[in-house]
Amino acid sequence: MAVVSANTTVMNNVEAVRATLYDALKSDERVCILGEDVGARGNVFLITKDFVGEFGERRIIDTPIAEASIVGIAVGMAMEGLRPVAEIQFADFIYPSFNQIVGEAAKIRYRSNGEYTCPMVIRTPYGGGVRGALSHSVSIEALFYHVPGLKIVAPSFPADVKGLLNTAIDDPDPVMFLEHKKTYRLIKGEVPNGHYTIPLGKANVLKEGTQLSVVSYGLYVHWALEAARQLEGEGISVEVIDLRSIRPMDKTAILQSVEKTRKLLIIHEDNKFGGIGAEISAMVAEEALFHLDAPIRRLCGPDVPAMGYALPLEEEFMSSPAEMADAMREMVKF
Amino acid sequence: MASTDTATGTLERHGLSDDQLRAIFRNMLLQRQLDNRGFQLNRQGKVPFALGSEGHEALQAGAAMAFNRGSDILAPYYRDLGLCLGIGLTAYEIMLSIFARAPDHNGGRQFPNHYSSKAAGLMSFSSILAAHLPHAVGAAYAIKYRGEKGRAVLATCGDGTTSEGEWHETMNFAAVHKLPFVMLVENNEWAISTPLEKQMAEPQIWKRAAGYGMPGRRFNGFDPIATFAAVKEAMDRAREGGGPTLIEGTCYRYLAHSTDDNDMTYRTREVVMERRKQDPVPAFEALLVEHGVLTAQDVAQMRKDVLRDTNEATDAAEAQPYPTPADLYLHVHEGAWQPWQS
Amino acid sequence: MKQSAERRAGSFERHGLTDEQLVAIFRTMLMQRTLENRGFQLNRQGKIPFASASEGHEAVQAGAAMAFARGKDILVPYYRDLGLALGIGVTPYEVLLSLFARAADHSAGRQFPHHYASRNLGLHTISSVIAAQLPHAVGAAYAMTYRGERGRAVLTTFGDGATSEGEWHESLNFAAVHKLPVVFLCENNEWAISTPLAKQMGQPDVHKRAAGYGMPGSVVDGMDPVACYAAVREAFERARSGGGPTLVEAKCYRFLAHTTDDDDRTYRSREEVERRRKEDPLPCFERLLVERTIVSAEAMAALKRSVLEEVNDATDRAEAMAYPLADDLYERVYAEAWRPWL
Chain A
594 MAVVSANTTV
604 MNNVEAVRAT
614 LYDALKSDER
624 VCILGEDVGA
634 RGNVFLITKD
644 FVGEFGERRI
654 IDTPIAEASI
664 VGIAVGMAME
674 GLRPVAEIQF
684 ADFIYPSFNQ
694 IVGEAAKIRY
704 RSNGEYTCPM
714 VIRTPYGGGV
724 RGALSHSVSI
734 EALFYHVPGL
744 KIVAPSFPAD
754 VKGLLNTAID
764 DPDPVMFLEH
774 KKTYRLIKGE
784 VPNGHYTIPL
794 GKANVLKEGT
804 QLSVVSYGLY
814 VHWALEAARQ
824 LEGEGISVEV
834 IDLRSIRPMD
844 KTAILQSVEK
854 TRKLLIIHED
864 NKFGGIGAEI
874 SAMVAEEALF
884 HLDAPIRRLC
894 GPDVPAMGYA
904 LPLEEEFMSS
914 PAEMADAMRE
924 MVKF
Chain B
166 MASTDTATGT
176 LERHGLSDDQ
186 LRAIFRNMLL
196 QRQLDNRGFQ
206 LNRQGKVPFA
216 LGSEGHEALQ
226 AGAAMAFNRG
236 SDILAPYYRD
246 LGLCLGIGLT
256 AYEIMLSIFA
266 RAPDHNGGRQ
276 FPNHYSSKAA
286 GLMSFSSILA
296 AHLPHAVGAA
306 YAIKYRGEKG
316 RAVLATCGDG
326 TTSEGEWHET
336 MNFAAVHKLP
346 FVMLVENNEW
356 AISTPLEKQM
366 AEPQIWKRAA
376 GYGMPGRRFN
386 GFDPIATFAA
396 VKEAMDRARE
406 GGGPTLIEGT
416 CYRYLAHSTD
426 DNDMTYRTRE
436 VVMERRKQDP
446 VPAFEALLVE
456 HGVLTAQDVA
466 QMRKDVLRDT
476 NEATDAAEAQ
486 PYPTPADLYL
496 HVHEGAWQPW
506 QS
Chain C
2 MKQSAERRAG
12 SFERHGLTDE
22 QLVAIFRTML
32 MQRTLENRGF
42 QLNRQGKIPF
52 ASASEGHEAV
62 QAGAAMAFAR
72 GKDILVPYYR
82 DLGLALGIGV
92 TPYEVLLSLF
102 ARAADHSAGR
112 QFPHHYASRN
122 LGLHTISSVI
132 AAQLPHAVGA
142 AYAMTYRGER
152 GRAVLTTFGD
162 GATSEGEWHE
172 SLNFAAVHKL
182 PVVFLCENNE
192 WAISTPLAKQ
202 MGQPDVHKRA
212 AGYGMPGSVV
222 DGMDPVACYA
232 AVREAFERAR
242 SGGGPTLVEA
252 KCYRFLAHTT
262 DDDDRTYRSR
272 EEVERRRKED
282 PLPCFERLLV
292 ERTIVSAEAM
302 AALKRSVLEE
312 VNDATDRAEA
322 MAYPLADDLY
332 ERVYAEAWRP
342 WL
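Chains as they are written, first to last, in this note's numbering: chain A, 594 to 927; chain B, 166 to 507; chain C, 2 to 343.
The hints are simulated quantities; they were obtained by calculation from the structure and are not laboratory data.
From the three backbone atoms N, C-alpha and C, an ideal C-beta is built for every residue, glycine too.
Any given hint could turn out to be false.
Unchecked claim - Selected chain B positions facing chain A (Cβ under 8 Å, derived; list incomplete):
| no. | residue |
| --- | --- |
| 1 | Q205 |
| 2 | Q209 |
| 3 | G210 |
| 4 | G273 |
| 5 | I293 |
| 6 | E334 |
| 7 | T359 |
| 8 | A366 |
| 9 | A484 |
| 10 | Q485 |
| 11 | Y487 |
Said to hold, decoys possible - Some chain C residues well away from chain A (every beta-carbon gap over 10 Å; in silico):
| no. | residue |
| --- | --- |
| 12 | G47 |
| 13 | G72 |
| 14 | L135 |
| 15 | S165 |
| 16 | V178 |
| 17 | S219 |
| 18 | R234 |
| 19 | T261 |
| 20 | R276 |
| 21 | P284 |
| 22 | C285 |
| 23 | I295 |
| 24 | V334 |
| 25 | W339 |
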């Protein structure tokens with residue numbers, strides 16, 4: 594971490610998650626972390642490195658390998674006044690805890706008519722491009738964004754990681770905090786010092802443009818931005834929006850942009866059928882159809898169970914900045 | 166090592182012939198050689214990932230000798246190279262997996278060490294711990310369902326997996342239905358960085374068997390002959406309709422979890438070196454030489470052969486092509502597939 | 002099993018319970034049965050769509066509730082725990098509000114009947130999903146340990162059916178590793194809806210699984226409220242004093258069908274149920290109290306009248322309450338007012 598000014602520090606996304614968790618542990622005794630290998634190992638990406646030495650095993654809990662109970666125990670902690678941050682080591686391992694997330698955490702407030710609440714965070718690294726094969730590469734957001742009672746965040750920049758993770762920990766309800774693992778060390782950025790929060794459901798217009806709106810989140814935000822900047826040299830003006838938050842989602846930002854550019858391209862790594870882009874498309878069709886000058890387009894992962902381990906299989910699954918630029922050009926020409 | 170009868174000084178071989186003992190040792194040598202090769206290739210930048218089973222050699226080679234090829238089914242986990250070699254996988258197949266080449270059984274889709282072979286009775290498994298165990302019990306149910314005598318399913322897992330709910334559900338169902346099923350726990354004391362005492366309050370996993378109403382026992386997993394005897398006893402019981410058994414082999418994970426792990430962040434070099442004194446490979450070598458099953462010359466020749474096999478397998482596999490991008494879309498379902506049908 | 006032999010032989014160990022406490026236990030048992038009958042009546046009258054009952058569980062629940070320290074301990078029950086809920090302070094009126102799904106109900110008519118919750122009483126909100134509550138109980142116990150709160154513990158309950166779930170296993174294991182203040186009370190009524198014990202587990206004694214987790218286990222005659230009190234109190238005392246979790250198994254029986262939607266004649270004989278009815282804890286305990294002159298015959302008659310009157314009164318009051326408004330459907334999804342699109 595390098596301090597570039599008195600007010601900001603340059604971090605990558607791992608450092609941003611770590612620094613935010615560290616501050617939360619320091620400032621709020623109720624915050625504890627539970628998950629696999631979060632103790633002495635300091636998490637497989639070193640996000641909780643040295644935490645157990647400073648905060649002790651009481652607050653940094655190395656769990657047995659049992660994901661259903663990692664989430665379920667966090668639910669009980671949250672119901673009894675703690676602020677647990679449960680970690681699922683890889684998003685691919687989250688399925689055994691589906692019942693505790695969808696059936697329990699999301700419904701505690703509702704089913705008790707507000708007597709009990711479940712203020713907890715479930716952090717998990719997701720996404721591909723890291724040779725993670727079938728079980729260390731998946732995107733899980735579409736499986737959960739259908740569920741009322743959950744909130745889902747997927748930041749792309751270190752400054753957003755900090756502000757949104759602070760919000761997630763403070764939030765009175767369960768929040769899934771999705772960290773794209775390819776961005777962990779790839780993406781660096783200035784992070785304001787001191788405590789701050791970013792509200793959920795607020796997208797960020799990363800680059801303004803007039804001919805096309807591109808909506809994305811996670812790793813692909815960075816690649817879409819790269820493609821859009823490249824197109825500037827060709828005289829093409831693309832607006833790039835980073836959703837940051839998937840549930841709730843920022844309707845205002847999307848509609849304002851689409852009403853200006855009159856064209857919408859949605860890009861995500863998760864597969865297309867029933868994905869986040871489907872909901873955005875439906876919303877824009879309902880709210881702004883007559884502002885559109887071209888059909889909405891989605892550039893998404895293919896409809897296969899996961900990316901394979903062999904390089905050609907992974908490359909075929911992932912979209913590149915060049916593919917994104919091609920899609921943008923076609924949309925603008927339409 | 167417990168395999169020498171202390172009274173008579175003879176080798177307690179549990180019916181294993183000299184050839185079988187030699188095959189076990191060769192498996193152990195090949196296992197270690199292939200594991201080393203994976204780590205070397207990773208350091209050379211040729212493969213992005215490797216994972217080793219050092220410390221599990223005796224357990225796996227011994228257990229594999231109790232497996233009936235062409236009849237039994239194996240449902241292993243990802244630290245089971247020796248078992249997979251022992252039931253018939255070749256060094257070349259292992260290297261295809263490490264290099265993720267097109268002729269690999271799963272077409273380069275899976276991580277290294279995630280083998281499968283329908284012909285060998287080796288069930289496909291994922292990286293997700295315990296996820297394979299219900300499948301193993303389902304396979305055992307199918308054997309019983311069809312009234313197939315003399316067949317059984319051997320399922321394996323590490324100590325870490327015993328904490329998963331699916332482990333429990335599997336054990337319970339196997340016991341209720343008295344299925345031809347053997348749960349072999351390779352207890353290496355580490356779930357990545359989590360030591361046994363943070364995983365369970367009772368460190369002897371086999372003691373859970375009574376709670377399920379099935380027999381349980383523990384054996385020294387550094388002793389391939391004792392392992393063979395324990396696994397054979399359990400497999401024979403299963404094959405004869407006597408129901409499932411929980412067996413626990415004690416061993417140790419000498420290496421880090423994988424090439425992506427640094428075990429010095431959570432355990433000391435000294436602890437590992439101390440446990441290295443029990444290394445089953447030199448110990449079994451000494452035992453076989455002592456009892457005249459192998460000469461020192463035989464051992465030297467065997468090491469040479471194993472290295473040659475590994476080198477040849479490496480070269481042959483590396484020369485194979487990757488799968489093509491179009492392969493990504495195959496085998497999602499039977500036939501070609503689109504989520505929107507027209 | 003503890004005390005049951007003595008009970009049958011005629012001796013009476015009251016485990017420190019006063020006459021008033023013994024009568025309170027009986028009153029809870031009687032209230033439980035009367036309220037449940039009321040639920041079934043209302044269902045047959047077409048006034049409510051659903052009811053379920055815990056007949057046969059009265060002794061274990063009233064006894065266990067007597068060991069619960071109100072204002073301190075936490076109860077994480079399942080849906081067949083009316084007696085426990087009453088025993089820790091839920092009123093008949095609250096139970097009827099739940100049956101009628103009225104706005105004044107703790108869940109405001111959202112949950113099924115008998116899925117109570119009361120933050121004031123330390124009664125966790127109940128899920129219909131089997132074993133889902135167990136990790137919550139363990140998390141609540143962790144929170145107590147975390148804050149260093151002495152003298153508190155969590156009582157969590159479940160039927161025999163729940164012991165087959167993965168979350169059951171994960172919860173017991175974690176509680177044992179961390180020596181958490183939890184009492185796991187299994188109300189073993191031998192039936193998981195239509196599935197008898199023999200099809201649920203390979204051996205019928207749930208408490209025998211405790212050893213595999215490294216925690217004490219005990220078994221008690223679930224038809225004997227005083228023995229149940231003693232067993233649960235012992236486990237509570239261990240938990241509250243830092244001695245860690247205990248698995249207590251109370252052997253009882255489910256006299257009625259699973260719910261008003263179930264017909265148990267499809268899977269068990271009337272003869273079996275009638276034979277087991279002889280163990281019915283209500284007449285047994287009533288006889289004991291009268292024979293030992295803890296309650297006079299007149300006082301017993303008055304007690305029965307008062308219970309019925311209270312239930313009648315609660316029924317009328319609850320029925321007169323308003324349903325929740327349709328708009329309530331949208332409330333309390335999150336802390337703030339909420340739309341998925343902002």
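For each hint, the structure was consulted:
no.	hint	verdict
1	Q205	violated (18 Å)
2	Q209	violated (16 Å)
3	G210	violated (12 Å)
4	G273	holds (3 Å)
5	I293	holds (6 Å)
6	E334	violated (11 Å)
7	T359	holds (5 Å)
8	A366	violated (10 Å)
9	A484	violated (15 Å)
10	Q485	violated (11 Å)
11	Y487	holds (5 Å)
12	G47	holds (26 Å)
13	G72	holds (15 Å)
14	L135	violated (7 Å)
15	S165	holds (14 Å)
16	V178	violated (7 Å)
17	S219	holds (24 Å)
18	R234	holds (23 Å)
19	T261	holds (21 Å)
20	R276	holds (37 Å)
21	P284	holds (37 Å)
22	C285	holds (36 Å)
23	I295	holds (37 Å)
24	V334	violated (5 Å)
25	W339	violated (8 Å)
The structure fails to meet hints 1, 2, 3, 6, 8, 9, 10, 14, 16, 24 and 25 from the earlier list, while all remaining hints are met.
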